[in-house]
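Residue numbers (numbering that gives the first Met the number 0), protein chains in the order written: chain R, 0 to 308; chain H, 0 to 308; chain U, 0 to 308; chain W, 0 to 308.
Derived from the structure by calculation, the hints contain no laboratory data.
Model, not experiment: these values are computed from the prediction.
There may be inaccurate statements among the hints.
What the hints assert, rightly or not - One side of the interface only, derived from the structure: several residues of chain U facing chain W at Cβ under 10 Å: (1) L27; (2) V174; (3) T178; (4) P200; (5) D231; (6) L243; (7) A250; (8) G255; (9) I258; (10) S282; (11) D285; (12) T291.
To be verified - Selected chain W positions facing chain H (Cβ under 7 Å, derived; list incomplete): (13) G112; (14) Q114; (15) A125.
Quick reminder that beta carbons are idealized off the backbone N, C-alpha and C, glycines included.
4 protein chains.
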Amino acid sequence: MSRSSLKDCTGLHVVAQTPFHAEGTVDLDSIDTLSAFYYSHGARGLTILGVSGEQAKLTPQEAIAVARRFIRVADGHRIIVGVSSPSLAQLVTVTRDAMAEGADAVMICPPRGTQTDEDLMRYFAAVFARIGETPTVLQDFPMHSGVRMSPPLIRRLVDTFPQIGVIKEEDLPSVTKITRLRDELGDRVRILTGNNGLYLPQELARGADGPMAGFSFPEMLSGVHDLFTAGDLPAAHDLFERYLPLLRYEAQGEWGIAIRKEVMRQRGALRCSALRMPGPVLSAVDKREIATMIERQNTDFRFDAGSAD
Amino acid sequence: MSRSSLKDCTGLHVVAQTPFHAEGTVDLDSIDTLSAFYYSHGARGLTILGVSGEQAKLTPQEAIAVARRFIRVADGHRIIVGVSSPSLAQLVTVTRDAMAEGADAVMICPPRGTQTDEDLMRYFAAVFARIGETPTVLQDFPMHSGVRMSPPLIRRLVDTFPQIGVIKEEDLPSVTKITRLRDELGDRVRILTGNNGLYLPQELARGADGPMAGFSFPEMLSGVHDLFTAGDLPAAHDLFERYLPLLRYEAQGEWGIAIRKEVMRQRGALRCSALRMPGPVLSAVDKREIATMIERQNTDFRFDAGSAD
Amino acid sequence: MSRSSLKDCTGLHVVAQTPFHAEGTVDLDSIDTLSAFYYSHGARGLTILGVSGEQAKLTPQEAIAVARRFIRVADGHRIIVGVSSPSLAQLVTVTRDAMAEGADAVMICPPRGTQTDEDLMRYFAAVFARIGETPTVLQDFPMHSGVRMSPPLIRRLVDTFPQIGVIKEEDLPSVTKITRLRDELGDRVRILTGNNGLYLPQELARGADGPMAGFSFPEMLSGVHDLFTAGDLPAAHDLFERYLPLLRYEAQGEWGIAIRKEVMRQRGALRCSALRMPGPVLSAVDKREIATMIERQNTDFRFDAGSAD
Amino acid sequence: MSRSSLKDCTGLHVVAQTPFHAEGTVDLDSIDTLSAFYYSHGARGLTILGVSGEQAKLTPQEAIAVARRFIRVADGHRIIVGVSSPSLAQLVTVTRDAMAEGADAVMICPPRGTQTDEDLMRYFAAVFARIGETPTVLQDFPMHSGVRMSPPLIRRLVDTFPQIGVIKEEDLPSVTKITRLRDELGDRVRILTGNNGLYLPQELARGADGPMAGFSFPEMLSGVHDLFTAGDLPAAHDLFERYLPLLRYEAQGEWGIAIRKEVMRQRGALRCSALRMPGPVLSAVDKREIATMIERQNTDFRFDAGSAD
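Please work from the sequences and hints to get the whole structure.
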């Protein structure tokens with residue numbers, strides 16, 4: 000396996016939600032409909048158990064149950080499993096179990112407190128000594144993790160650990176970092192972008208291979224990527240901008256995830272929009288605000304390549 | 000003075016840039032043209048020496064020189080001076096000097112490490128014991144400061160310290176926090192919103208009194224506020240969304256400030272777009288990206304109430 | 000159960016090590032000899048799976064296996080299980096399983112990012128809604144967790160949640176905080192002290208009920224407590240000071256835990272001194288340094304109430 | 000100047016207190032008696048305006064006034080001026096002014112947020128581009144600054160910037176870091192140790208050149224260094240351990256500085272023990288605790304080479 004298996008990891012990989020029942024247990028059955036929703040709106044693969052998948056709220060057993068279900072209904076799409084953990088033992092356990100279930104790769108963000116280049120090299124040496132050849136997405140997300148990785152350090156990581164096939168780049172400004180990573184790395188790895196897709200057109204222009212992000216209208220993320228790779232930049236920008244008001248609204252941390260789940264519920268992608276507690280709960284005012292925004296999005300557009308359902 | 004003098008602090012208060020010469024010294028003369036630019040695009044006042052004003056890079060002497068110049072050309076507009084500092088002595092010195100020069104108010108964000116409600120009450124007790132009746136904007140900006148203040152704590156601060164006349168609200172999600180602050184505080188204080196104006200229409204709908212933010216097209220910020228208060232919500236949203244692609248692009252920390260200064264240079268508002276070093280420097284690729292974005296903004300719109308100069 | 004069951008939680012409660020085999024698996028058998036060592040040196044109870052127990056490196060299954068073994072050989076001593084986790088689900092699972100195994104109480108430190116008094120009240124409301132009447136030690140350890148709790152907030156927590164029977168106080172300066180907590184709380188809760196026991200005599204003088212700390216010579220911790228409660232302060236200080244050079248040496252974060260395990264191995268309390276990786280590994284120089292320190296401790300003392308085995 | 004001028008920077012360099020009047024203004028006159036106290040107790044030089052000197056509470060003008068006075072009464076001793084600041088402009092201004100007044104060197108700790116090796120190299124490139132040949136002490140104090148520097152990175156800094164003549168090493172465990180720095184750097188730089196001197200004997204054994212620390216009994220710090228360099232290790236340890244109870248007590252952040260100032264007041268080294276506000280204020284209980292500790296220290300010792308005044 001290793002890096003080569005991620006060579007064609009381009010296009011939309013949705014950072015998937017985790018469905019819960021209203022009382023907080025995982026709703027495994029809803030994973031089937033949710034997966035179908037993502038795939039029918041352009042996802043070539045899913046990254047499950049990321050920040051947007053509320054990974055940090057699950058026990059390892061729950062995480063594996065969720066992974067197993069997503070894998071069962073993957074239907075040929077790539078499944079990448081977020082396994083980041085302050086506990087290396089837990090990371091290793093979940094990685095081993097997820098790969099045994101048939102996952103394609105794991106995603107790892109170094110844990111808070113891993114601060115120097117030397118510490119980062121050591122951390123990943125310890126990781127890969129334990130998870131071997133597992134194909135890996137390196138997540139660069141300092142706003143969330145507190146860990147910053149410079150382009151030269153990322154190059155050292157990629158040079159040293161052939162398991163790293165994809166960088167999920169969500170340091171800000173991502174555009175300049177993508178430019179620098181392409182200078183350092185050429186095409187040796189894929190670069191997918193996060194940050195809810197908020198800078199997607201510019202990131203693609205800088206050399207990103209696609210979005211690895213969550214959004215309640217994934218057809219925008221896949222559509223922008225497809226139009227961009229087809230060379231139709233004006234249409235790519237038009238499509239992006241039509242959804243930008245909602246996109247920006249969802250880009251508000253965990254509350255944004257609550258918004259996203261509610262919109263997806265309204266679109267039929269989820270039965271229940273509840274986050275696992277503790278977490279934000281939407282008020283009536285919040286829901287009216289969403290309704291207004293979706294109404295504007297549906298009626299007031301200049302480009303209609305992609306119908307919103 | 001005190002709170003009452005900030006009673007009419009509504010509408011656009013631009014968080015002003017600080018102009019530098021290419022080699023890094025403060026360009027005092029450019030403050031005149033910059034101020035004129037802000038006022039001609041709808042600013043009722045300015046907040047100088049905020050984060051976007053690169054305050055943390057100035058010495059206290061430079062800060063006062065900057066404040067003096069902005070005040071000299073204020074021409075009846077309100078000047079609020081950012082005085083936050085890890086050093087209370089420095090905060091007090093700059094406050095005293097700025098008020099002596101004729102500033103209308105100061106803005107204070109509690110320093111990193113002020114973590115409990117008790118610590119926050121004590122911090123502001125120490126502050127106001129020294130700066131007396133100075134009208135004050137309380138800045139709630141946890142992403143920048145690391146300090147979180149709950150609505151009940153903000154209420155205690157407002158109840159205890161009548162100097163606080165305005166909350167600059169930029170915790171996220173700002174919309175829910177504004178709703179809660181209005182519940183706690185009613186109309187006793189003004190609430191202005193930051194975060195580069197990225198959530199402005201929703202924040203106004205939740206009860207904010209206007210934007211206290213920086214953007215290279217301040218006519219959008221004032222225009223959205225004016226249309227909103229005039230009750231023309233669709234036009235307010237249209238105006239906002241036309242500028243949203245650039246607005247979101249500028250909302251990228253210090254690099255976004257570099258973008259903003261470059262756009263403002265192109266608009267004639269600044270002679271030189273340099274930030275004081277150390278800080279980001281724009282590449283040719285970055286500048287082409289800006290040009291593309293502005294071109295789209297100028298040609299591809301549905302609402303043309305405000306010409307882009 | 001609840002608070003009342005912790006009423007007599009005084010005296011030494013050792014924060015126990017977790018024994019590992021050299022290759023990193025948990026060494027359950029060694030828990031028996033380790034427990035015997037602690038109890039024969041004055042421990043009235045153990046706090047297992049704390050920071051010194053390398054809790055964050057275990058999977059929940061491993062944690063429960065460790066807890067089960069410590070409980071099996073508790074021999075009438077109190078077993079408190081550290082269950083802190085960024086994941087409430089994991090905290091709840093481990094709490095439920097540990098209590099089912101026969102644990103006496105759990106210890107909880109609020110997770111990083113729980114920053115305002117309001118957030119802290121909400122966090123513990125969510126916790127206790129799920130773990131019910133479980134007797135609980137509240138750990139106040141801001142250097143580790145980043146969470147600060149003021150004495151008035153701790154009082155509100157104790158007033159609201161009768162499950163909290165003990166405060167493990169390791170904010171610095173702990174002495175002034177203990178004085179304030181006693182003012183706020185009287186004798187309604189027990190206060191045990193951490194920070195490796197580095198301030199133990201002064202903390203007892205301020206009203207602490209005993210140490211809840213780890214040290215390779217637990218007989219010092221129990222001895223100081225016993226001499227202090229017997230009113231023999233000079234002897235308590237003498238005993239403390241004899242061990243202070245090593246005590247201070249062990250008070251160096253995770254490296255100090257490696258030191259402690261090595262000393263305990265030399266004393267026969269552990270078969271293997273390895274920490275679970277990633278973690279510090281002692282060099283030959285480090286081990287010579289320890290040897291020198293122990294030699295001085297054994298030969299050069301003024302008070303010999305407790306033999307060092 | 001540059002590195003070579005710090006070649007003989009060995010032995011005790013006290014991190015000096017800043018004297019304040021009770022109402023909070025700087026007490027310049029007391030600097031004379033304080034300096035005399037330090038020099039008569041073995042200080043070869045002083046590091047002024049460090050953390051223990053409450054540097055962050057002073058305005059730049061106050062800082063320069065303090066530096067001028069310490070320099071005026073230096074009487075042939077080395078004066079190193081702490082100039083760390085989040086503002087590079089302020090760092091440069093204070094450096095320039097302090098060196099013009101006759102300071103021997105400056106001490107710089109990189110500012111919070113300087114997180115990758117690349118960022119650190121850039122930061123110091125920006126610093127030295129502005130302060131030129133100024134001899135510099137690099138402060139490695141992650142617990143305070145949040146910035147971690149690995150030994151290889153420190154080597155790169157020393158290789159690149161010949162201004163760096165001394166490392167003030169106070170990362171923990173300092174002993175292993177000193178061993179690694181000596182491996183990386185040989186004798187090219189001096190290594191002085193901080194952390195209140197809490198690990199001094201072991202640090203000297205690892206290759207440190209002396210203490211750069213604050214303690215109310217500086218004769219212990221100089222005495223341990225002198226005995227150690229004279230080869231009398233048992234006496235060095237005896238002297239250290241006699242003062243260890245108080246040393247550990249003073250090692251409690253800003254509250255510890257308040258303790259230190261009070262002890263120094265009692266010893267006649269300071270007229271007033273007040274810290275600049277906001278800061279801790281000692282209670283009657285605190286002062287009794289100090290008195291008890293000093294009494295034990297004075298009466299109950301095995302080694303009396305140094306009288307306690």
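Verification of the hints:
1. L27: violated (30 Å)
2. V174: holds (7 Å)
3. T178: With a minimum Cβ separation of about 6 Å from chain W (threshold 10 Å), the hint on U:T178 holds.
4. P200: Holds - the Cβ of U:P200 comes within 10 Å of chain W, reaching about 9 Å at its closest.
5. D231: Violated, about 14 Å.
6. L243: Result: holds, 5 Å to nearest chain W Cβ.
7. A250: holds (9 Å)
8. G255: holds (7 Å)
9. I258: Check passed: Cβ of U:I258 comes within 9 Å of chain W, closer than 10 Å.
10. S282: holds (7 Å)
11. D285: holds (7 Å)
12. T291: Nearest chain W Cβ about 9 Å off; hint holds.
13. G112: violated (10 Å)
14. Q114: violated (14 Å)
15. A125: Because about 4 Å separates W:A125 from the closest Cβ in chain H, which is inside the 7 Å limit, the hint holds.
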